[in-house]
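Please put together the full structure from these sequences, using the hints given.
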Amino acid sequence: MSLINLKDLLNHASKNKYAVGAFNVTSMTFIDPIIEAAIESNSPVIMQLAEVHFRYLNLEHIAPAIIRAAREVNVPVCINLDHGKNFETIIRAIRAGFTSVMFDCSAEPLEVNIARTKEIVKIAHSVGVGVEGEIGNIGGEVVGTAAPTPHEANVESFTKVEDAIRFYEETGVDALAISVGNVHGTYKGEPNLDFERIDKINKAIPIPLVLHGGSGIPDADFKKAISLGISKINFYTEMSASAVKAARNFLNENPECISYADLSKIVQADIKKTVMNRMEVFGSKNITAADKTLCISCDEVSCGLEDPKLKPQANTIVYDTLVEMISKEVLGNIKK
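When the letters of the sequence shown are read in order and numbered with my numbering, they come out as residues 3 to 338.
Just so you know, these hints were derived from the structure itself, not from any lab.
Some hints here could point you the wrong way.
[Said to hold, decoys possible] Calculated lysine to any residue pairs in the SDA-like style (CA-CA distance at most 25 Å, straight line):
1) K124 - Y58
2) K19 - F197
3) K225 - S159
4) K247 - E38
5) K247 - L230
6) K287 - E38
7) K120 - E110
8) K267 - K120
9) K226 - F160
10) K225 - N288
11) K205 - D223
[Unchecked claim] Pair by pair, the computed Cβ-Cβ distance ranges are:
12) C259 - V163: 51 to 59 Å
13) V114 - N254: 47 to 55 Å
14) N88 - E258: 43 to 51 Å
15) R250 - E121: 38 to 46 Å
16) E110 - F56: 49 to 57 Å
17) R168 - V246: 36 to 44 Å
18) V157 - V332: 34 to 42 Å
19) L112 - S261: 25 to 33 Å
Ideal Cβ positions, reconstructed from N, Cα and C, are used throughout, including at glycine.
Rendered as structure tokens:
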């Protein structure tokens, strides 16, 4: 079993100056190539489901498949809910066995964001689940069949250092997604990350930072951002677009094809290639190799993370007791 808590994984990434790629799953087709990429790259990985993508999948149906795949490999896998907007969705993800949830209340005023995120942190931490929060506006996630309209970041919505400090101190989140010139979907013009802001926020709060909107950012900018404190990078749009291009090329070359299975193999091969490439750029390739400090030896209750400088207890969730634990926590909050 190699399921790992977000906090433990990102703390290791932060200490060792690499970033873990977080790749969205929008169908069963994504599971195997992402896992295979992690195995062949000797890299930890974050597989995530975004609430906005629930129109394409059933959370309770696909979660067991992802968890089963993660348990059968010897690299650490964190399963994360991406951009959870509603309390009910957060609880569904925890009940399904996710080891991390991202609660996105960034569209609300800071005070509201803090108050609601604090509640999620209390509940999630009570059952060993990590929490990622967000402040600043990064823009909407990509959905739909057409290419998204490119847009650029608004400096007025960038994360303020003082807000990051307050948010961390009052919520207790394990990681923070920040707005520093990054946008979801495709960029209008060239991305222009505010590296000075990343550095200042990293020095101001002792938790790993997260970069959303990874598609379209140059490799050199990724590496610089990682050196300044980015420990998790969300990457989906470019992965999806590349897979669609591979499928289109295959169908153009094989116009009489009626085998979805063969088309699926082409798509999966492209997804795997993209993910492996990102793992190399993000610096996570070979982190779990036998000669590294992050050495995986799996057992039934832990990801098996062993590092002389970092000895986390990355316990996974026992479903038989999970519902009862959540119920007690929720009832306790109601009574207060």
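Taking the hints in turn, this is what the structure says about them:
A threshold of 25 Å between alpha carbons decides the hint, and for K124 with Y58 the separation of about 30 Å lies outside it, so the pair is violated. Between the alpha carbons of K19 and F197 the distance comes to roughly 15 Å, so the proposed pair stays at or under 25 Å and holds. The straight-line distance between the Cα atoms of K225 and S159 is roughly 24 Å, inside the 25 Å bound, and the hint therefore holds. For a cut-off of 25 Å, the pair hint linking K247 to E38 stands: about 21 Å separates their Cα positions.
In summary, the hint linking K247 to L230 is not supported, as the alpha carbons are separated by about 34 Å, beyond the 25 Å threshold. For the suggested pair K287 and E38, the alpha carbons sit about 13 Å apart, so the restraint of at most 25 Å is met. For the suggested pair K120 and E110, the alpha carbons sit about 14 Å apart, so the restraint of at most 25 Å is met. A threshold of 25 Å between alpha carbons decides the hint, and for K267 with K120 the separation of about 43 Å lies outside it, so the pair is violated.
With a C-alpha separation of about 18 Å, the suggested pair K226 and F160 falls inside the 25 Å cut-off, and the hint holds. Distance hint between K225 and N288 is fulfilled; the C-alpha atoms sit about 16 Å from each other, no more than 25 Å. The hinted pair formed by K205 and D223 meets the criterion: a straight-line CA distance of about 19 Å does not exceed 25 Å. Checked against the given bound of 51 to 59 Å, the beta carbons of C259 and V163, roughly 54 Å apart, stay inside it.
A C-beta distance of roughly 50 Å is found between V114 and N254, which places it inside the suggested range of 47 to 55 Å. Our hint of 43 to 51 Å for N88 and E258 holds, since their Cβ atoms are close to 46 Å apart. The hint said 38 to 46 Å for the Cβ distance between R250 and E121, and at roughly 45 Å that hint holds. Under the hint 49 to 57 Å, the C-beta atoms of E110 and F56, about 21 Å apart, miss the expected range.
Judged by the Cβ atoms, the range 36 to 44 Å given for R168 and V246 holds: they are separated by roughly 41 Å. Taken as a hint, the range 34 to 42 Å holds for the pair V157 and V332, whose Cβ atoms sit roughly 39 Å apart. Checked against the hint of 25 to 33 Å, the pair L112 and S261 fails, with Cβ atoms roughly 53 Å apart.
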